[in-house]
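Enquirer: Spelled out from the first residue to the last, the chains are:
Protein chains: 2
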Amino acid sequence: MKQQGKKILIVDDEASIREMIAVALEMAGYECLEASNTQDAYSIIVDENPQMVLLDWMLPGTSGLEFARRLKRDDRTAETPIIMLTAKGEEDNKILGLEAGADDYITKPFSPRELVARLKAVLRRSTPQGIEDPITVDGLILDPVCHRVSANDAPLDIGPTEYRLLQFFMTHQERAYSRTQLLDQVWGGNVYVEERTVDVHIRRLRKALGSDFEHLIQTVRGTGYRFSTKAS
Amino acid sequence: MKQQGKKILIVDDEASIREMIAVALEMAGYECLEASNTQDAYSIIVDENPQMVLLDWMLPGTSGLEFARRLKRDDRTAETPIIMLTAKGEEDNKILGLEAGADDYITKPFSPRELVARLKAVLRRSTPQGIEDPITVDGLILDPVCHRVSANDAPLDIGPTEYRLLQFFMTHQERAYSRTQLLDQVWGGNVYVEERTVDVHIRRLRKALGSDFEHLIQTVRGTGYRFSTKAS
DNA sequence: TGTAAGTATGACAGATATGTGACATTGGCT
DNA sequence: AGCCAATGTCACATATCTGTCATACTTACA
Numbered sequence: 171m172k173q174q175g176k177k178i179l180i181v182d183d184e185a186s187i188r189e190m191i192a193v194a195l196e197m198a199g200y201e202c203l204e205a206s207n208t209q210d211a212y213s214i215i216v217d218e219n220p221q222m223v224l225l226d227w228m229l230p231g232t233s234g235l236e237f238a239r240r241l242k243r244d245d246r247t248a249e250t251p252i253i254m255l256t257a258k259g260e261e262d263n264k265i266l267g268l269e270a271g272a273d274d275y276i277t278k279p280f281s282p283r284e285l286v287a288r289l290k291a292v293l294r295r296s297t298p299q300g301i302e303d304p305i306t307v308d309g310l311i312l313d314p315v316c317h318r319v320s321a322n323d324a325p326l327d328i329g330p331t332e333y334r335l336l337q338f339f340m341t342h343q344e345r346a347y348s349r350t351q352l353l354d355q356v357w358g359g360n361v362y363v364e365e366r367t368v369d370v371h372i373r374r375l376r377k378a379l380g381s382d383f384e385h386l387i388q389t390v391r392g393t394g395y396r397f398s399t400k401a402s
Numbered sequence: 171m172k173q174q175g176k177k178i179l180i181v182d183d184e185a186s187i188r189e190m191i192a193v194a195l196e197m198a199g200y201e202c203l204e205a206s207n208t209q210d211a212y213s214i215i216v217d218e219n220p221q222m223v224l225l226d227w228m229l230p231g232t233s234g235l236e237f238a239r240r241l242k243r244d245d246r247t248a249e250t251p252i253i254m255l256t257a258k259g260e261e262d263n264k265i266l267g268l269e270a271g272a273d274d275y276i277t278k279p280f281s282p283r284e285l286v287a288r289l290k291a292v293l294r295r296s297t298p299q300g301i302e303d304p305i306t307v308d309g310l311i312l313d314p315v316c317h318r319v320s321a322n323d324a325p326l327d328i329g330p331t332e333y334r335l336l337q338f339f340m341t342h343q344e345r346a347y348s349r350t351q352l353l354d355q356v357w358g359g360n361v362y363v364e365e366r367t368v369d370v371h372i373r374r375l376r377k378a379l380g381s382d383f384e385h386l387i388q389t390v391r392g393t394g395y396r397f398s399t400k401a402s
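Chains as they are written, first to last, in the numbering used here: chain A, 171 to 402; chain B, 171 to 402.
Simulated from the structure, these hints should not be mistaken for lab results. From a predicted model like this one, the values you see are computed outputs, not experimental measurements. Honestly, I wouldn't trust all of these hints.
It does not matter which identical chain is meant; a pair holds if it fits inside one copy or across any two.
[As the list claims (entries may be wrong)] Subject to a maximum C-alpha distance of 27 Å in a straight line, what follows is the list of computed DSSO-like cross-link-like pairs (lysine-lysine): (1) LYS400 <-> LYS377; (2) LYS377 <-> LYS278; (3) LYS290 <-> LYS400; (4) LYS400 <-> LYS177; (5) LYS278 <-> LYS176; (6) LYS290 <-> LYS176; (7) LYS278 <-> LYS290; (8) LYS400 <-> LYS278; (9) LYS400 <-> LYS176; (10) LYS278 <-> LYS177; (11) LYS377 <-> LYS177; (12) LYS377 <-> LYS176; (13) LYS290 <-> LYS377.
Based on the sequences and whatever the hints tell you, model everything.
Expert: Here it is, written out as structure tokens:
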């Protein structure tokens with residue numbers, strides 16, 4: 171499954187509440203999906219694979235509680251974290267909610283800030299990251315763990331984009347990439363940026379690598395660029 | 171003592187709760203031991219040497235609090251990390267619990283996922299060896315036993331959070347950490363705090379370290395921070 | 001050798017990320 | 001109650017990065 175933006179599904183039967191939450195989340199940089207009932211919610215979860223579900227406790231038809239349980243039993247949806255929303259005074263239900271598989275529980279009314287904070291906390295817990303080994307080419311070392319690049323043991327001062335670009339090249343050596351492919355891979359698919367921008371960053375990367383290593387990044391005229399240890 | 175599987179001892183007088191926890195932990199790949207009272211618990215700890223004890227606050231006979239204190243005083247058991255479990259509304263006791271030697275504190279009800287997350291965090295933090303030994307980098311000394319930091323033999327005035335932050339950095343040198351990771355590791359997984367708060371504490375720590383040592387804490391632009399003796 | 005297309009390079013202004021001081025709040029302590 | 005240290009947040013100051021241009025070079029090929 172492709173890595174995607176931070177999509178959050180809001181399930182609540184009251185449109186005004188969905189709207190309020192959506193505004194808060196969008197301001198925080200999340201993309202929102204909405205559903206007013208569990209049927210819609212289920213299809214959306216399966217189709218869109220959101221990173222999280224905000225689930226109202228009271229829903230027409232299947233209750234939120236019931237729905238949470240069902241999601242956790244279904245392999246396709248079990249991994250998706252759930253935050254339950256509930257009206258105040260139902261504190262006792264908290265246990266039920268959490269036992270049903272919810273990852274957190276927020277009592278209405280809540281501030282947008284609290285919602286976003288807890289949402290982040292839950293996302294943080296549920297997104298583990300892999301460990302990577304350093305990549306070496308001649309005396310050029312890129313260490314993803316330390317987030318460092320060094321050339322013959324001298325640390326290189328390199329910007330974020332150049333770092334990603336170099337990392338991509340070092341993990342995809344010997345092959346030529348078009349500017350478009352590089353924009354997709356290094357900048358991330360849906361950004362609209364001039365192709366020429368790639369040239370500029372290639373230039374910056376070469377400069378940062380210095381005369382000892384800039385030859386590793388070769389221009390493939392009419393096509394794009396290539397990272398290679400062999401001379402062209 | 172030999173390194174062994176991830177055995178977790180659950181101490182609670184209610185069988186249903188023990189069971190619920192056990193299921194959650196086993197799904198996460200841990201082996202579970204159970205005890206309903208402190209006598210049993212003590213024998214199991216000595217005999218089986220579990221990697222961690224989940225200890226209910228309320229227990230018949232000796233209270234969980236009392237028991238935690240006893241474990242920490244006993245050389246044979248002092249090394250075993252403890253997470254206290256408590257019912258809601260007893261937040262005030264948190265300090266007591268932590269002072270008694272507990273390594274973390276979870277309020278019931280909690281989600282299985284939260285439990286596992288915090289459990290992992292504690293296991294990660296509790297390095298079996300050397301937590302007693304002072305860590306030195308150049309003239310900077312952090313002494314976990316005295317809970318003190320000195321720079322070139324001059325004691326440093328440093329707040330609790332800055333201390334934990336520095337301790338984390340000194341035990342995890344060279345590696346770059348995102349603000350989120352630092353919040354997890356230093357603040358503890360389940361706090362809802364702005365990411366920028368990390369910046370402020372980094373600032374305070376740098377200030378406390380003074381011009382001789384502040385360079386040890388490096389900014390990794392676009393990513394987070396790193397503690398390193400090497401120049402960036 | 002002239003020409004057109006493809007690339008390299010330096011400059012720049014807007015966008016982002018981080019540094020920093022100040023403030024309100026909290027909880028322990030006297 | 002009043003004080004004090006610690007903490008989290010904010011607003012503003014700085015620093016650094018990024019995308020885009022305009023222009024200078026190269027290369028391929030007629």
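Enquirer: Let me make sure I understand: some of the numbered hints might not hold for this structure. Which ones are they, in numerical order?
Expert: 2, 3, 4, 8, 9, 11, 12, 13
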